[in-house]
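Chain A is fixed; fit chains B and C onto it per the hints.
Residue numbers (the working numbering), protein chains in the order written: chain A, 1 to 223; chain B, 1 to 365; chain C, 1 to 134.
Because the hints were derived from the structure by calculation, they are not lab data. A couple of the hints might just be wrong.
No more than 20 Å apart at the CA atoms, straight line, and that leaves these computed lysine to any residue pairs for SDA-like [said to hold, decoys possible]:
1. B/Lys-277 x C/Glu-57
2. B/Lys-341 x A/Met-35
3. C/Lys-105 x B/Thr-352
4. B/Lys-222 x A/Ile-21
5. A/Lys-43 x B/Thr-352
6. B/Lys-241 x A/Val-124
7. B/Lys-241 x A/Phe-95
8. B/Lys-241 x A/His-170
9. B/Lys-241 x C/Ser-20
10. C/Lys-10 x B/Trp-278
11. B/Lys-241 x A/Gly-113
12. B/Lys-277 x C/Met-51
13. C/Lys-124 x B/Met-21
14. B/Lys-319 x A/Ile-21
15. C/Lys-60 x B/Gln-280
16. B/Lys-241 x A/Trp-111
17. B/Lys-241 x A/Gln-117
Computed spacing ranges between beta-carbons, pair by pair [to be verified]:
18. A/Tyr-149 x B/Thr-352: 56 to 62 Å
19. C/Glu-39 x A/Phe-90: 27 to 33 Å
20. A/Gly-108 x B/Val-329: 20 to 26 Å
Virtual Cβ for every residue (Gly too), placed ideally from N, Cα, C.
Residue strings, one per chain:
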Amino acid sequence: MEMFSNANDFLLWVRGDAFNIALTILIIGVFIRVMEIFLLGRKNDFSEPRGTEWGPGLKNIVTRSVADNGTFKRAPFVVVVGYIWHICFFIVLLFFVPHIELINAMLGIKWPGLASQFVDAATVVAMVALLAMLWHRLTHPVLKFLSTYEDYLVWFVTFLPLLTGYIAFHRMIAPYPMALGLHILSVEILMVVFPFTKLMHAITLFIARWYTGAMMGRKGIES
Amino acid sequence: MNKQTLFKSLQQQGVTRRGFMKYCTALTSLMALPPSMIPIVANALETAKRPSVIWLSFQECTGCTESLTRSHSPTVEGLIFDHISLDYHHTLQAASGDAAEHAREQAMKDNYGKYLVVVDGSIPLADPGYSTIAGISNLDMLNETVAGAAAVIAVGTCSAYGGLPHAAPNPTGAVSVSSLITDKPVINVPGCPPIPTVISGVLAHYLTFGSIPELDELGRPKVFYGQSIHDRCYRRPFYDKGLFAETFDDEGAKKGWCLYRLGCKGPMTYNACATLKWNQQTSWPVESGHGCLGCSEPNFWDAGSFYKALSIPDGDYAKAAGYAVAAGVALGAAAGFVNQKTKSAAVSQHSTVSVDDFAVNKDKK
Amino acid sequence: MSSEALADIKIQIDTPEYDSGNLHSILSEIKFALEQLLEQKKTHCIDLRAMPWSPGEEDKLEQYLGRGEISVELNALGKSTFYETRFSGIWIVTHYNQEDEIIGKLIEITTMPEMIFSQYEDIKESLENIQIQP
Chain A
1 MEMFSNANDF
11 LLWVRGDAFN
21 IALTILIIGV
31 FIRVMEIFLL
41 GRKNDFSEPR
51 GTEWGPGLKN
61 IVTRSVADNG
71 TFKRAPFVVV
81 VGYIWHICFF
91 IVLLFFVPHI
101 ELINAMLGIK
111 WPGLASQFVD
121 AATVVAMVAL
131 LAMLWHRLTH
141 PVLKFLSTYE
151 DYLVWFVTFL
161 PLLTGYIAFH
171 RMIAPYPMAL
181 GLHILSVEIL
191 MVVFPFTKLM
201 HAITLFIARW
211 YTGAMMGRKG
221 IES
Chain B
1 MNKQTLFKSL
11 QQQGVTRRGF
21 MKYCTALTSL
31 MALPPSMIPI
41 VANALETAKR
51 PSVIWLSFQE
61 CTGCTESLTR
71 SHSPTVEGLI
81 FDHISLDYHH
91 TLQAASGDAA
101 EHAREQAMKD
111 NYGKYLVVVD
121 GSIPLADPGY
131 STIAGISNLD
141 MLNETVAGAA
151 AVIAVGTCSA
161 YGGLPHAAPN
171 PTGAVSVSSL
181 ITDKPVINVP
191 GCPPIPTVIS
201 GVLAHYLTFG
211 SIPELDELGR
221 PKVFYGQSIH
231 DRCYRRPFYD
241 KGLFAETFDD
251 EGAKKGWCLY
261 RLGCKGPMTY
271 NACATLKWNQ
281 QTSWPVESGH
291 GCLGCSEPNF
301 WDAGSFYKAL
311 SIPDGDYAKA
321 AGYAVAAGVA
331 LGAAAGFVNQ
341 KTKSAAVSQH
351 STVSVDDFAV
361 NKDKK
Chain C
1 MSSEALADIK
11 IQIDTPEYDS
21 GNLHSILSEI
31 KFALEQLLEQ
41 KKTHCIDLRA
51 MPWSPGEEDK
61 LEQYLGRGEI
71 SVELNALGKS
81 TFYETRFSGI
91 WIVTHYNQED
101 EIIGKLIEIT
111 TMPEMIFSQY
121 EDIKESLENI
131 QIQP
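Chain A extracted, bound-state conformation (with noise of 0.2 Å):
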């Protein structure tokens, strides 16, 4: 690890050697996470199927995004904020035109951008949501019983890039490559612990929701 002599070197090594090695640790991660799922197979079902499985399957992962009654009625604030948390994140990461850059960058995709102050609201939304998160958490007394220390990490690593990029975005910290700087370093620090703790739900709820639908589609009954 070198020392920094000032900020601009700090920001080098982050857009550089850091990022590498977050992106290496990430996709080996994600790698053996999604392998393991799938390498150890589902049982063998010798029963005669009802239905079919892939249609029922693809169907569910876009159905379950809506919460069905009985879910929304026991935990409300949870499905409430949750949307509204998601959704912000959703439009500061893939909505603000340098993150746009990014991505291009990276995968060859493109797409328009929205103006900057809403992703700025957007921003403040998303970090107000993650807040109430912590607090629904901290308060409520089957989940702070039911909480580990996994929980907070998590919410530490997600809501660290939110204010790290509002701040470098208002210039909140001089000089400015330091904010940048601390952002970018907050990102690599959420993709490292990524593989490692339930944010892997962003690439596993496609296998759960499939495999739902896709069983209870060979029984023939709805999802």
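The following block gives chains B and C in isolation, referenced to the frame of chain A:
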């Protein structure tokens, strides 16, 4: 070595009081001071003595000297040079050979502790032979000359931070002035080259007030380098509205939209280009349609492509990702294999699973 | 290579149609200074070189302020021009060096820019030099 004040020397040239006031007005503007400071500058010039200046050119392209001495007839910058005692400039005095070196040594002796040293170009440490003047290595000349200096001004990114020679792989072992000189005040005036009026403005400040202007954490005068290009850029409204040029000749570029996507490093660069501009306030890179290179920042040559947006990482991430995928597949397969083995063993041993194996908080009651 | 030939090259500036806010803020400052001049006889000076002009904006400002009835030319270390705009009390001062390059440009809100007055130091010198027998 003339020790009279600047005002006296202007008077002797036949410059009237009006001329002197005009000179002070231009000088105040040059130093980026508000017009209310004009009387203070005038007062300082009436009492300031001409300092002796020694200019050392090391491993450089001479762009900084060119930037400053652009004019061939008196301008304010020229007047500064007339009215400081430029006792040594090896490029300008190249034809004088040994006589120039003697002039330097004499100036140092006569003004010991009070002269100003201006340096452009980096100092190669890998081998003194990479850059010498009259057979003396840059390092030796720097140490020798700075010993009796009052202050050092490092003009250009090469002398301030190492600049182009310092870029990877740095074959000459080039370093900046401030990495070598730690016992004298060093003012960094970076830029590739710096704006001519910034160079003269800093010299003028020292000439006028005999002191060093307020510096930022990279040793640059805050008056010129205190604001980022992004914060003073006239195209900022387009950045805020999300209107960006995608190529150098598309509709957006013609309409003058923000150049962030074309690699502008304005947000992280601190310089005066957006306000002072270049060529007597004619224009500057962004106004001409090209993104800022970040030339007044350390290591800007190694900071990634000039044409890739600031948000794009600049290492070889494609290669890293390639290796990571290969390793991930291998390790994933290995993990899957181990899991299968564990499962088969459990099945053949008829192992059971109890609720405790799934307990969330094993130590909670 | 003379500067006249360079100046002969016609340059058309394509001004993008948006408001950077510079004109509004500088005109507010000028108006306020004019009030202060009238009520408290206080003069004010604005350095036009310090503003982040977008292309063509400085010209727009000068066009708006226009020209008044008086202009003065000074020759000291190069040319300097002082003219009152169509708004009384608002002067535009431009300093050139001997190469006709602009070394200073200011707006002065005053009854007359200081530099136009004969300066007492120069008057003193004139007194020393003047002969009663020419």
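Evaluation of the provided hints:
1. Between B/Lys-277 and C/Glu-57, the direct Cα distance comes to roughly 14 Å. Compliance with the 20 Å bound is thereby established for this hinted pair.
2. Between B/Lys-341 and A/Met-35 the alpha-carbon distance is near 15 Å, which keeps this suggested pair within the 20 Å criterion.
3. Note on C/Lys-105 and B/Thr-352: the hinted pairing is violated, with a Cα-Cα distance of about 89 Å set against a maximum of 20 Å.
4. Proximity of B/Lys-222 to A/Ile-21 is assessed by CA-CA distance (about 36 Å); at most 20 Å being required, the pair is judged violated.
5. Restraint check for A/Lys-43 and B/Thr-352: the C-alpha separation of about 17 Å stays at or below 20 Å, so the hint holds.
6. Between B/Lys-241 and A/Val-124, the direct Cα distance comes to roughly 18 Å. Compliance with the 20 Å bound is thereby established for this hinted pair.
7. As the CA atoms of B/Lys-241 and A/Phe-95 are separated by approximately 13 Å, the hinted pair is consistent with the 20 Å bound.
8. Between B/Lys-241 and A/His-170 the alpha-carbon distance is near 15 Å, which keeps this suggested pair within the 20 Å criterion.
9. For the given pair, B/Lys-241 sits about 13 Å from C/Ser-20 by alpha-carbon distance, which is consistent with the 20 Å threshold.
10. Under the criterion of a C-alpha separation no larger than 20 Å, the hint pairing C/Lys-10 with B/Trp-278 is consistent with the structure, at around 19 Å.
11. A distance of roughly 10 Å separates the Cα atoms of B/Lys-241 and A/Gly-113; the hinted pair therefore holds under the 20 Å criterion.
12. With a C-alpha separation of about 10 Å, the suggested pair B/Lys-277 and C/Met-51 falls inside the 20 Å cut-off, and the hint holds.
13. Distance restraint check for C/Lys-124 and B/Met-21: the Cα-Cα separation of roughly 16 Å lies within the 20 Å cut-off, and the hinted pair is therefore satisfied.
14. Between B/Lys-319 and A/Ile-21 the CA atoms are separated by roughly 12 Å; this keeps the pair inside 20 Å, and the hint holds.
15. Proximity of C/Lys-60 to B/Gln-280 is assessed by CA-CA distance (about 19 Å); at most 20 Å being required, the pair is judged to hold.
16. A hinted pair counts as satisfied when its Cα atoms are at most 20 Å apart, and B/Lys-241 with A/Trp-111 qualifies at roughly 16 Å.
17. In summary, the hint linking B/Lys-241 to A/Gln-117 is supported, as the alpha carbons are separated by about 8 Å, within the 20 Å threshold.
18. Checked against the given bound of 56 to 62 Å, the beta carbons of A/Tyr-149 and B/Thr-352, roughly 29 Å apart, lie outside it.
19. For C/Glu-39 and A/Phe-90, the Cβ-Cβ distance of about 57 Å falls outside the hinted range of 27 to 33 Å, so the restraint is violated.
20. Checking the proposed 20 to 26 Å range against A/Gly-108 and B/Val-329 shows it holds: the Cβ atoms sit about 22 Å from each other.
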